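Participant: Here are the chains, one letter per residue:
There are 2 protein chains.
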Amino acid sequence: MPIKLTAFEHKIAKQLAALKRKSGSHSPSPAMLRDVSGITVKHDFCFLSNPYATDLFLKYWKRDFGNKNTRNLHKLVEQYPSQNRVLAGKLEKIVGVPAQHIFVGNGATEIIQAMLQNFAKRKILVPVPTFSPYLEFAPKGVKTVIHQLRKEAGFKLEAKRFLKDIQREKPDSVVIINPSNPDGGYVSASTLRQLLEKLRHIGIVIIDESFIHFADKNKRTPQDAARLVNTFPNLVVIKSLSKDFGIAGLRLGYGVMSKQRISTLLARGYLWNISGFGEYFLNLLNNRGFMKEYEKARLLAIRERDDFFTQLSTLKGLKVYPSRANMFLIELLGGSRAEDFMVTLLARYGIYVRLCKDKIGLNGEFIRIASCKAKENLKLVRALKNILSE
Amino acid sequence: MPIKLTAFEHKIAKQLAALKRKSGSHSPSPAMLRDVSGITVKHDFCFLSNPYATDLFLKYWKRDFGNKNTRNLHKLVEQYPSQNRVLAGKLEKIVGVPAQHIFVGNGATEIIQAMLQNFAKRKILVPVPTFSPYLEFAPKGVKTVIHQLRKEAGFKLEAKRFLKDIQREKPDSVVIINPSNPDGGYVSASTLRQLLEKLRHIGIVIIDESFIHFADKNKRTPQDAARLVNTFPNLVVIKSLSKDFGIAGLRLGYGVMSKQRISTLLARGYLWNISGFGEYFLNLLNNRGFMKEYEKARLLAIRERDDFFTQLSTLKGLKVYPSRANMFLIELLGGSRAEDFMVTLLARYGIYVRLCKDKIGLNGEFIRIASCKAKENLKLVRALKNILSE
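Residue numbers (my numbering), protein chains in the order written: chain A, 1 to 390; chain B, 391 to 780.
Source of the hints: derived by calculation from the structure; they are not laboratory data. Since the structure is predicted, the reported quantities are computational estimates derived from the model, not experimental observations. We treat Cβ as the ideally placed atom computed from N, Cα and C, and that holds for glycine.
So these bits of chain A aren't anywhere near chain B, every CB distance computed over 10 angstroms:
no.	residue
1	Ala13
2	Val97
3	Phe119
4	Lys121
5	Gly154
6	Leu228
7	Asn230
8	Ser263
9	Leu299
10	Arg324
11	Glu339
12	Lys357
13	Gly361
14	Lys385
15	Ser389
Capping the alpha-carbon separation at 30 angstroms, the derived lysine-lysine pairs in DSS-like fashion look like this:
no.	chain 1	residue 1	chain 2	residue 2
16	B	Lys412	A	Lys93
17	B	Lys769	B	Lys449
18	A	Lys121	B	Lys533
19	A	Lys379	A	Lys217
20	B	Lys530	A	Lys123
21	A	Lys20	B	Lys649
22	A	Lys11	A	Lys357
23	B	Lys513	A	Lys143
24	B	Lys465	B	Lys449
25	B	Lys769	A	Lys75
26	B	Lys533	A	Lys123
27	A	Lys22	B	Lys480
28	B	Lys452	A	Lys62
29	B	Lys513	A	Lys121
30	B	Lys412	A	Lys75
31	A	Lys375	B	Lys465
32	B	Lys452	A	Lys59
33	A	Lys123	B	Lys513
34	B	Lys649	A	Lys143
35	A	Lys62	B	Lys465
36	A	Lys93	B	Lys465
37	A	Lys259	B	Lys530
38	B	Lys560	A	Lys140
39	B	Lys452	A	Lys42
40	B	Lys412	A	Lys259
Work the whole structure out from these sequences, hints included.
Facilitator: Dropping the structure here:
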């Protein structure tokens, strides 16, 4: 049965629609929502992160910058952080490739921007639905074309169809997001390698592994793709550190690519693009204790994501797509509009979910939800159950 | 009399020369110095900042994120900061122009990079000596030419000669740094306006005001140039917030320019280029108490800079160039090599000064020193006196 909105919820729906029109291809922030509708978001399922990793970071932060260590904090605020090549050295260990192949970015978006604007020449092919900056950051004169992932295939990348589109479109730049966003679809390491073999003639193949830490509980360092950078000189692996490590506020990501590309980038800028706080985090990645605890936080997030899927799958009136990231794409089956669903969750439960109407290549009634801590996930499951049983 | 180095100092000199060759156009950091030579920098006169402003920032930081406010810190680390246009609104008050003219940058270097790479078309003219990124960040196909500031004129920008060079070179992009780096030379507001009138035909005129807060003790908001952005659509004002506010570790700067240029930039990226810590600082700029205390820190830095000049001017064997920034360019007159001077200060007093041999357009024996807190400035004056009287 379609949801019936109350008069109040109708008003909120109108306000949110107006707000969304102003927000472009990203969701309005909880603070903007509150300013416009007066509703406080209690549980933010829009935001993709690992909350256990944030807790861990703050534990180390307090140890290192607690009230007793004013001097450390003073230095972090006052001094210039290290330059890009020095910071790259601090990522060697977790990435598993030499620093000369690593470019440190002010968030993954800076790296996406740098790649498209410096290395895309004529045409970029991007599978959709996807993370929107890949569709937006192409420089003037470079065309962006889409490869439609099929709903019938669960939005999974179908290698044959993908290669056929590439053959037809003849792009010089190709993007693969793995696991994908908004659905968490996954391409196996072996398929990826086969694809790379067949894409050797393409100028630049970007594999975005921003959600790879959630993909496989058996692999502590799941970024196999990064190690292929010597075998495939056209490969660029992009990785946000926001999601898996729960530190979006620090702005950190990295790109793995050929030495030449890194030299090109650093010759034109990116001198001091990481803050002192970002550098502090990079130091933690070389702290054995931190990384041991991080592995626990990673496994916990995966376990709870899997439990969440099991719970969501029992609900009638929804289709939940299997995911290897920390999010789920949910299709509403009962004739409800996604907007009404979203507003109802917000007005009745303070739960904020991601509408997907702005996602190019995704038609129908979809919402995207993050996997949060188990306790919060349960609240969403209960709220959904209530709404669906009305 | 030229300085005589001890055997130990000779060894240090050799190590530093090798290190400098690896550091490009920026000084090796104190940490790199220590790693290579074993010498700890006690007083860093390379680094340009306002130490009183750093103290002030930390005072507010402790209030807002002290041990009791873990929740605030948690949010800052975990959440995405606001996007560029929202952050620009937080600068309106101190810049005095509407947000739609303000681009917030991850340090001034990001803005320099963005300007040269997006808006310079054929040829950039840069007065030298100067801050090196202006000579380095031009994109492929864009030529960089220099306008030599004359030593006989105290490296002051001479408007007539400058305009003549522009007429001859026909650049589409022109840079003016005011006050200048490394010498602190100053162009008055009226001269600047006259120059802008005569440069209306130039595609983009960049005025870098990163040191303007140190220029005039009588003007609380000295950025007059920013307000000219409506009168001169080709004007771009770039401002680092690192130096005057003592927060280089946060990475913050801004550019004031036409609405069109800002739209062009934001259409291609710069979505979340400022960290949560940077956003916290931008909030402080709208805190009346903070700004009142900042004004005191600004005036104190200017007063001590002026005292420092008076003290330095009494020393024989040096020529100190007058400066409106928080630094002094010093010429060694007694036949000493700048390298020997620098090594002696480091080895005997733990004082680190900036060598200027890498500065294009600056030939001779020069060092650059920052104005630090009065107590530290006095230590440098005494050390110089000792060395010069040997």
